[in-house]
Amino acid sequence: MDAPIVADTEEGDERMMEVADAHPDIEQHLVEKTRKKMIRHAIEKLPEKQRAAVLLHKYQELDYAEISKILKCSESALKSLLFRAYETLRVELAPLVAHSVKH
Amino acid sequence: MSCEKMETRILAYMDGRLKENERAEAEKHLAGCAACRLRVNEFRAVNDLLDELPAIEPSGAFNARVHALVAAEPQKRSSWLTWLAPSPRIAFVASMLLLATVWVGTQAPPPPIATQDLPVVESTDYDVISSFAPLSDLSQAPDDDADDSDAPQQPQQM
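Respectively, the protein sequence lines represent chains A and B.
For the numbering used here, add 4 to where a residue sits in the first sequence, where the first one is 1.
For the numbering used here, add 2 to where a residue sits in the second sequence, where the first one is 1.
By construction, these hints were calculated from the structure, which means they are not laboratory data.
Each hint can be trusted.
Calculated pairs, DSBU-like style, for lysine-lysine (alpha carbon to alpha carbon, straight line, at most 30 Å):
id, chain 1, residue 1, chain 2, residue 2
1, B, LYS21, A, LYS53
2, B, LYS7, A, LYS62
3, B, LYS7, A, LYS73
4, B, LYS7, A, LYS83
5, A, LYS83, B, LYS30
6, A, LYS62, B, LYS21
7, A, LYS53, B, LYS7
8, B, LYS21, A, LYS73
9, A, LYS76, B, LYS7
10, A, LYS76, B, LYS21
11, B, LYS21, A, LYS83
12, B, LYS30, A, LYS62
Calculated from the model, a selection of chain B residues having no Cβ within reach of chain A, i.e. all distances over 10 Å:
id, residue
13, GLU22
14, LEU32
15, GLY34
16, LEU99
In this text the structure is predicted, and so the values were computed from the model without any measurement.
Even glycine gets a Cβ: it sits at the ideal position worked out from N, Cα and C.
Produce the complete structure using the sequences and hints provided.
Put into C-alpha cells, the structure is as follows:
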C-alpha cells in the first residue's frame with residue numbers, strides 16, 4: 005500500500021519541477037529574443053552607408069582600407085561614418101548599453 | 003589631444019589598430035576625460051551587443067549590393083586575366099602541353115650520342131671493307147651482299 009503512494013508523490017514532484025523549470029527558460033528566451041530584435045532593429049534603422057560600414061567592420065572583419073574601397077570613401081570619412089553609426093546605436097540601445105556599462 | 007580628435011580615433015583605439023604613439027595619446031586623453039572614458043565604455047557595450055548577433059544575416063538586398071560593389075571593383079584587373087586564361091581547364095591543358103614539349107626536348111639528346119658513335123663504326127666498316135675478299139669470291143656468292151662479314155666464309159663452307 006505504501007509503495008504506490010510514494011511513487012505517486014515522486015511523479016507529482018517531477019511534474020511540478022518540470023513546470024517550475026520551464027518558466028524561467030521561456031522568460032529568458034523571450035528576453036533574449038527581444039534583445040536581439042532590438043539590436044537587429046537598431047542596425048536596420050541606420051542610414052545605409054553607416055549600416056554597410058558597421059556590417060563590413062564588425063561582421064566581415066575587413067580593415068579600414070578595404071571597407072573604404074568598397075564604400076568609395078576616404079579612410080577618415082569611414083572613421084567618422086563608423087563613429088556616427090556607433091553614436092546612433094549607443095542612443096538607440098541606451099537601455100541595454102546602460103545595463104552592461106553598470107555591470 | 004582634444005575630444006574631437008579622440009572621436010575620430012575611438013573605434014581604431016577599441017580595435018587596437020592605433021599606432022603606438024597614437025594609442026599612448028589616446029590613453030593619456032582618456033585618463034583625464036571622464037566623458038570620453040564613458041563613451042569608450044558605451045561603445046564597447048555597443049560592440050558587445052553587436053557580438054550577440056553572431057549569425058547576423060545582412061538582408062539579401064544588402065548582400066547583393068555589397069557583392070555587386072566588390073565585383074565591380076577588380077573588373078579591370080580580372081578582364082585581362084580572363085583573356086589570358088579563359089578557364090582553368092584550358093590553362094591546365096596549355097601547361098601540360100608546355101611540360102610535354104619540355105619533356106620531349108630533354109628526351110631528344112640520345113640520337114646525337116648515336117651519331118657520335120658512328121665514326122667508330124665507319125672506321126671498323128672501313129677495315130672490314132679493306133680486308134674484303136677479292137672479287138672472285140663475290141662472284142661465287144652474289145646473293146650474300148648484305149651479310150658482309152659472312153660473305154668470305156660462306157664460299158669456304160660450300
